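For the protein sequence lines, the chains are A and B, in the order given. Just so we're aligned: the first sequence equals residues 7 to 373 in the numbering used here. Just so we're aligned: the second sequence equals residues 4 to 297 in the numbering used here.
Honestly, the hints are just simulated from the structure, not real lab data.
Heads up, simulated BS3-like pairs for lysine-lysine below, C-alpha to C-alpha not over 30 angstroms straight-line:
no.: 1; chain 1: A; residue 1: Lys338; chain 2: B; residue 2: Lys197
no.: 2; chain 1: B; residue 1: Lys178; chain 2: B; residue 2: Lys197
no.: 3; chain 1: B; residue 1: Lys158; chain 2: A; residue 2: Lys354
no.: 4; chain 1: B; residue 1: Lys86; chain 2: A; residue 2: Lys71
no.: 5; chain 1: B; residue 1: Lys90; chain 2: A; residue 2: Lys71
no.: 6; chain 1: B; residue 1: Lys86; chain 2: A; residue 2: Lys338
no.: 7; chain 1: B; residue 1: Lys158; chain 2: B; residue 2: Lys178
no.: 8; chain 1: B; residue 1: Lys19; chain 2: B; residue 2: Lys197
None of these values were measured; they are calculated from a predicted model.
Now for the letters of each chain:
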Amino acid sequence: MYVAVKGGERAIENAHRLLAHERRGDRDVPEVSLAQISEQLSLAVDRVMAEGSLYDRELAALAIKQARGDMIEAIFLVRAFRATLPRFGATEAVDTGNMQVRRRISSTFKDIPGGQILGPTFDYTHRLLDPQLADGFVPELPATAEASPPAMPRVTDILGRDGLIEPSPSADAETPVGDLTREPLSFPADRDLRLQNLARADEGFLLALGYSSQRGYGRNHPFAGEIRLGEVAVEFFAEDVGFAVPLGSITLTECQMVNQFKGSATEAPCFTRGYGLAFGQSERKTMSMALVDRALRAQELGEEVLAPAQDEEFVMSHSDNVQATGFVEHLKLPHYVDFQSELGLLRKLRREFAEAEASSPLREAAE
Amino acid sequence: MNAPAYNFAYLDEQTKRMIRRAILKAIAIPGYQVPFASREMPMPYGWGTGGVQVTAAILGPADVLKVIDQGSDDTTNAISIRKFFAKTAGVATTTATADATVIQTRHRIPEAPLHGGQVLVYQVPIPEPLRFLEPRETETRRMHALGEYGLMHVKLYEDIARFGHIATSYAYPVKVNARYVMDPSPTPKFDNPKMDNCPALQLFGAGREKRIYAIPPYTSVVSLDFEDHPFTRYRFDAPCALCGADDSYLDEIVTDDQGGRMFVCSDTDYCETRQGQGHRGTEAAAPHKERPHG
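Starting from the given sequences, assemble the full structure and let the hints guide the process.
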């Protein structure tokens, strides 16, 4: 006798219990702490903050621990929490020109005011697995020098003084910056929303799209004008006191791409820009973002839109890994009733096909 | 650490108000997809976040909630969503279709007729019926605005030319209130006629795609077809093996690897109610007990 499938509730409880057990792993191995994750897996924490759109190292570390190191799952946890937070308002625009720079490089000029500062980078390491790290290795303390000048002019500002690069659009106090987490997105989208979408977008997706633009699918001749990493002050304009109150500082990575020039009979030619910005140290992300931002400006700059990276609807509709993973993985959910409906249709079509074939005069003739 | 604290039915009141506005607009324009600022929910996109947000926005403390997936109250995702609202809203839950004031569903419409005052909330993966004919949102919105549905009819016609039948067996497109072509969510087309002139309010939530749409009570809902190829329902031609019903949609159960099959009601509440009334199918012995849901 058949009894309809039951017991889903207990199955879920047991699955959660097993998951918690697996998350802990071998109980003889010491448990990893949030401080350890935050300090020693700091780039993972940065990515979760950036794509989770929430600047909180501790919560990001918790999410990574809870997600067993699955980055998209961790990003999802942070996003779901962020969605419940009340909004008090928006901060003043941060000034990356006044960043306390820890790393700053330009590939367009050999030397720049303030100098090239390599900072903590994998760039010139040899990728040889280091057995020393396996157990209790204590690295040397970092070398120190005189503090760098308080402010470093952005390379794009230097180019801008001579009109060699298009000016950055300045903020308009009358039109507030859009927020796609509060207003439904509609197309065509303005650049503020595009940049917000890209800032939250999956790093791998942006990397592939940026890469495709370099390989000719929407080529835009990029130069890394400047990449800078450091701390910027965050200020909030408090109505009560009538001035901007400092809230603290956050770590940001900014990438300014200098791209192929435009010009016309009436306009002198100048370089164009692509822009990338992310929480934490996220260089691959911000560089990819800048490439894709520039590619998405194709229409605005009078270029033909041919490649995926230039296609706003394609990019923005598929860049969010929380959305993407949800919909891909939802195929795990039961689809019995739809499948049954398809099965019924397919059986009917096959039956009709067989009947038609059996009674076909052509077939008889061939035999 | 910022310890989380949550509102009644999880969402904050500002978000609920925003969703209710979208719902009201959707009811005012039957079948029209209203964009709304969908939130990240604590379950993944594709798991019913649109339906969950609609339910959260309309749920009151006195409501009685039923959640089904594939017609069943006991599928894992239905249990998970029911528990979510039992926990965050503390509302009463039920498996009885007639007793529920709000029914959230994935892929089915209950067999028992719905009555006035009930709300059926559908979970919708792809709200745009024209999406697979035209991938661009900018284009499909224009097509809806102009009532330009020729492409859909061509698709249905091509099915007939190729297969002799309209080869859409679920998510079968309908026209609502003689104006908007609408995706009924991936319910089998067997359920389509239940949407027409239904006394209950039908709300559709698509979280990932950020759209809400609605069919107000007693609204005309017509499945698209042709005069010489009229719309037909599909149902496996057998009575339910457990309750003997010959009018319900059936799940096919594979019983062995020798080609053994049996067919039972996909709507578990309908099947259990009938068994409780003494109806029996070929396979039925004692009606199985539904455990109380937490």
